[in-house]
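Take a look at the letters that make up each chain.
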Amino acid sequence: MATVELEQVFKQYGSTPVVKGLSLKVEAGEFLSLLGPSGCGKTTTLRMVAGLERIDRGVLRIDGRVVDGPQVNMPPERRGLGMVFQSYAVWPHRTVAQNVAYPLTLQGLGAQEIAARVQEALGWVRLQPFADRPPSQLSGGQLQRVAIARALVARPKVLLLDEPLSNLDAALREELRGEIASLRATLGTTMIFVTHDQHEALALSDRVAVMNHGVIEQIASPEQLYREPATPFVASFVGGANVLTGTVDGSTFTTHGERFELPGEGPATTIAVRPEHVRLGEGTPLRLLARLFLGSAVEYRFALGDVVLRAVGPAVEAARVGDHVRVGFSQVRRYASPAES
Amino acid sequence: MKRSLALALAVGAVAFGPLGVLLSRGLGVDWLATWTSPPTLLALRGTVVTSLGAAMLALTVGLPLAVLIGRTDLPLRRTLQAAFTLPSALPPFILGMGWVGLANPKAGLLNLLFGVGTFDIYGAGGIAFVLGCAAIPLVFLPALASLARVDGALEEAARMSGATPLRALLGVSVPLALPAALSGAALAFLFAASAFGVPYLLGVTATPPTPTLTTRIYSEVLVGSEGLARASVLSVELLALAALLLVGSRALARGVLLSQGKGGARRPVPLGAARWPLALASLSVMFVLVVLPLLAVALTSVQPVWGQFSGLTVKHWSSVLSNARTLDAATRSLVLSLGAASLVTVLGLGLASRRRGWLDTLAGAPYAVPGTVLALALLTSFARDVRFIAFDRVAFVLALGNTAWLLLLAYVVKHLAFGVRNASDGFAQVDPSLTEAARLSGASPARAFLDATLPQLRAPLGAAFVVTFLTCMTELTLSVLLIPTGRDVLGTLLFDLQSYADPGSAAVIACAFIVLVLLAQFVRRPKEA
Ligand SMILES: Nc1ncnc2c1ncn2[C@@H]1O[C@H](COP(=O)(O)OP(=O)(O)OP(=O)(O)O)[C@@H](O)[C@H]1O
Ligand SMILES: [Mg+2]
Numbered sequence: 004m005a006t007v008e009l010e011q012v013f014k015q016y017g018s019t020p021v022v023k024g025l026s027l028k029v030e031a032g033e034f035l036s037l038l039g040p041s042g043c044g045k046t047t048t049l050r051m052v053a054g055l056e057r058i059d060r061g062v063l064r065i066d067g068r069v070v071d072g073p074q075v076n077m078p079p080e081r082r083g084l085g086m087v088f089q090s091y092a093v094w095p096h097r098t099v100a101q102n103v104a105y106p107l108t109l110q111g112l113g114a115q116e117i118a119a120r121v122q123e124a125l126g127w128v129r130l131q132p133f134a135d136r137p138p139s140q141l142s143g144g145q146l147q148r149v150a151i152a153r154a155l156v157a158r159p160k161v162l163l164l165d166e167p168l169s170n171l172d173a174a175l176r177e178e179l180r181g182e183i184a185s186l187r188a189t190l191g192t193t194m195i196f197v198t199h200d201q202h203e204a205l206a207l208s209d210r211v212a213v214m215n216h217g218v219i220e221q222i223a224s225p226e227q228l229y230r231e232p233a234t235p236f237v238a239s240f241v242g243g244a245n246v247l248t249g250t251v252d253g254s255t256f257t258t259h260g261e262r263f264e265l266p267g268e269g270p271a272t273t274i275a276v277r278p279e280h281v282r283l284g285e286g287t288p289l290r291l292l293a294r295l296f297l298g299s300a301v302e303y304r305f306a307l308g309d310v311v312l313r314a315v316g317p318a319v320e321a322a323r324v325g326d327h328v329r330v331g332f333s334q335v336r337r338y339a340s341p342a343e344s
Numbered sequence: 005m006k007r008s009l010a011l012a013l014a015v016g017a018v019a020f021g022p023l024g025v026l027l028s029r030g031l032g033v034d035w036l037a038t039w040t041s042p043p044t045l046l047a048l049r050g051t052v053v054t055s056l057g058a059a060m061l062a063l064t065v066g067l068p069l070a071v072l073i074g075r076t077d078l079p080l081r082r083t084l085q086a087a088f089t090l091p092s093a094l095p096p097f098i099l100g101m102g103w104v105g106l107a108n109p110k111a112g113l114l115n116l117l118f119g120v121g122t123f124d125i126y127g128a129g130g131i132a133f134v135l136g137c138a139a140i141p142l143v144f145l146p147a148l149a150s151l152a153r154v155d156g157a158l159e160e161a162a163r164m165s166g167a168t169p170l171r172a173l174l175g176v177s178v179p180l181a182l183p184a185a186l187s188g189a190a191l192a193f194l195f196a197a198s199a200f201g202v203p204y205l206l207g208v209t210a211t212p213p214t215p216t217l218t219t220r221i222y223s224e225v226l227v228g229s230e231g232l233a234r235a236s237v238l239s240v241e242l243l244a245l246a247a248l249l250l251v252g253s254r255a256l257a258r259g260v261l262l263s264q265g266k267g268g269a270r271r272p273v274p275l276g277a278a279r280w281p282l283a284l285a286s287l288s289v290m291f292v293l294v295v296l297p298l299l300a301v302a303l304t305s306v307q308p309v310w311g312q313f314s315g316l317t318v319k320h321w322s323s324v325l326s327n328a329r330t331l332d333a334a335t336r337s338l339v340l341s342l343g344a345a346s347l348v349t350v351l352g353l354g355l356a357s358r359r360r361g362w363l364d365t366l367a368g369a370p371y372a373v374p375g376t377v378l379a380l381a382l383l384t385s386f387a388r389d390v391r392f393i394a395f396d397r398v399a400f401v402l403a404l405g406n407t408a409w410l411l412l413l414a415y416v417v418k419h420l421a422f423g424v425r426n427a428s429d430g431f432a433q434v435d436p437s438l439t440e441a442a443r444l445s446g447a448s449p450a451r452a453f454l455d456a457t458l459p460q461l462r463a464p465l466g467a468a469f470v471v472t473f474l475t476c477m478t479e480l481t482l483s484v485l486l487i488p489t490g491r492d493v494l495g496t497l498l499f500d501l502q503s504y505a506d507p508g509s510a511a512v513i514a515c516a517f518i519v520l521v522l523l524a525q526f527v528r529r530p531k532e533a
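Note that the protein sequences, when read in sequence, are chains C and X. Residue 4 is where the first sequence starts when you use the numbering used here, and the numbers rise one by one after that. Residue 5 is where the second sequence starts when you use the numbering used here, and the numbers rise one by one after that.
Calculated from the structure, these hints are not laboratory results. The structure presented is a predicted model; accordingly, all values stated were derived computationally and were not measured. One should not assume that every hint holds.
Claimed, not checked - Calculated pairs, SDA-like style, for lysine to any residue (alpha carbon to alpha carbon, straight line, at most 25 Å):
(1) X:K319 - X:A302
(2) C:K160 - C:S224
(3) C:K28 - C:N215
(4) C:K23 - C:G42
(5) C:K160 - X:G156
(6) C:K160 - C:H216
(7) C:K23 - X:R7
(8) C:K160 - X:T168
(9) C:K160 - C:E182
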């Protein structure tokens, strides 16, 4: 268990800035997710923590000790971390047991201790029967379990996971997600988990850091993140909210040439409305573009000027595509800053 | 199915028919006695010793070089890679000529510098050395390709497990590239065992002479009809050795583990303080093994008398270039090489378009047959006219013996592998939906092939043509055995001039080969990028 602290970290590739002044503190034993769209710099951030990339500016501390910063650069092999890669990265020329034993071999432990700890680690991921198999005889889910056992066997200070589940099919993903959660409960290792899947992040984490364009937009517990998104981007990325920019006059909000009555008062240039908070049947008439049956509910898409407004409601409305339906908002979040994606 | 069978029979007949005829020539001979006779054993020993030495040299230079160039921040990697790829495009005979100029015990340049008798390129050691240098690309290139396919995360996972960069390289990437390198070393052995020019140049006149199977076969052929039978028996031995090596190489290559992931996107391992010393060492190796012998050839071409360095002259150049024999040989080489390259490309396309793996393998098989054996097989098969009689009336007479047609046939049979391999790699890359789209737009199958499929094959077919053309232009082994009496191609001219006391003129032709090959490299470079 250890803390990880990034302070005003910058990173650019060539002339493209990728991480722009990122600050973050991961507490000891915490499970923190880095969540964000593709290309926002999640992997880069994780690799900087790992030591696989140098930081350009700023300071990185692990367990309170500076490991990367001006005049300091501790190579990855000395940081005492574990990492699980998206592509598994299980060595094809070594058996399962040899893969898992490798970090211990490098520590120069005795053969008996290594064997015992490899057995223990394989037990965590339920792979003991596969110890002597070559990786070519394992499935994707099993390979990723080998990678997890290998990353944890030396009891790292921090476990880094870069989209470990994204190469797996949906059912396996669920299963392995549960296993990561229970491993984390047993071992109590600090974990940093990179993903672009909000469900994964919300389900697993103590806190989620939502990244966009190389900065953290909000860092909060899953519930807080969902209930009180700090920026329009977080509202739309985590809750799937409609983000609308316009002007407020009293309780009337004008956007894309349409006027809506907002619940409550307050200044705003941008509002975020979750699809489930779009009420049908009263308010401003909008043309229905599409009606998508989701099973328990129906998603409606309305034309609002040149953008699309999404609503989710019970599967009873008989509105037909092309009709005008009255639309209002039961709950909105107001933001003073304009939206940017 | 019937057509496939007929095609298989035809290809099989061309690939293996002559070998069968060759075998039958040895039927009357006491095989065991021939194989266990002291001269044969000596030749076998020569082949094994020189080939083993060559394979080991190729491996010890090729693998570390591939690791340095493929996985580290060594300076001048591109230069080194280009230089160490070069020997694969040149006939090894030229490197041999260069080394004769450098390390002839009496008059070699190095011996004039370091004292007479310091180096002696003649004999088993010299043959192994020269063939080893020529075989470096056979190990280097597959190892490099194999390293490039290793997923970068595999090494990073080792770093995260606590390994230093060097340890991660040696513990992960090198073992993953090793099967490819070993498989290449087996090919290097096969290459050296099949070589004829270098063992002839450096073995026959060595004291004591170092015969190999190929040079023994050649000298038996020169004896005449009785020798031909013995040569046939020796060929079987060489052929068995070749088959063994090929199987070994294939088995080793099967160990090439394709790692998941896309490879690439990896940070080269920083060499730190060792960066420039290692670069200097690599450059020195490159200079000695590749550049120096070629410079020596160039130097030989301007020496007034061989081994004399004052009063350099262009007399060899002017005499060779103005000689009618040179012109005649160059024309014949050009015509034969263009013909062979066209046939190889077209036949390769035709065979590969059947999309049958075994057919490709069959058509590619003669490439693995040592040139001496293949030439001998064709020689015996067409020594007499072959008659086909159809319907009891029409007779076709195939009289190829002692004509340039036989040489053309040999070039095509030997290098058909280039055409088939390139075309079938090309077909594997072709996007079938483009052809299907053409069909749905109303094109007939033939039209769709021409308009949609063929354009996608242009690059691999072009490469097959160029490689075949260059190889035939500089070909030596087949040419020496199959050239009609009194005629020449460039390869036989080079061989004759070098063997019979005019190394200056031979060097001129060698220089022409070097220039041709370098030009081709530069022309092809931009296309690959
Ligand atoms: N080695 C590199 N050289 C140049 N640019 C890079 C490099 N690695 C990443 N980038 C760029 O940096 C940006 C951030 O990349 P990063 O891999 O951190 O994104 P990510 O958030 O992990 O995205 P994804 O969800 O797609 O994995 C991208 O625009 C990417 O193209
Ligand atoms: Mg990523």
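> Keeping to a limit of 25 Å between CA atoms, is the pair of K23 of chain C and R7 of chain X held or broken?
Replying inline: At roughly 66 Å apart (the allowed maximum being 25 Å), R7 of chain X and K23 of chain C break the hint.
> Does the alpha-carbon distance linking K160 of chain C and G156 of chain X stay inside the 25 Å limit?
Replying inline: At roughly 24 Å apart (the allowed maximum being 25 Å), G156 of chain X and K160 of chain C satisfy the hint.
>> Can you confirm whether the C-alpha distance between K160 of chain C and H216 of chain C stays at or below 25 Å?
In response: 28 Å, violated
> Is it true that the CA of K28 of chain C sits at most 25 Å from the CA of N215 of chain C?
Replying inline: 18 Å, holds
> Within 25 Å, alpha carbon to alpha carbon, are K160 of chain C and S224 of chain C?
Replying inline: 22 Å, holds
>> For K160 of chain C and T168 of chain X, compute the direct alpha-carbon distance and say whether it is at most 25 Å.
In response: 19 Å, holds
> Holds or violated: K160 of chain C with E182 of chain C, Cα cutoff 25 Å?
Replying inline: The given pair, whose Cα atoms are some 19 Å apart, holds under the 25 Å limit.
>> Just to be careful, I want the Cα atoms of K23 of chain C and G42 of chain C compared with a cutoff of 25 Å; is the pair within it?
In response: 13 Å, holds
> For the pair supplied as a hint, K319 of chain X and A302 of chain X, is the alpha-carbon distance within the 25 Å limit?
Replying inline: 13 Å, holds
Violated hints, listed in ascending order, are 6 and 7; each of the other numbered hints is respected by the structure.
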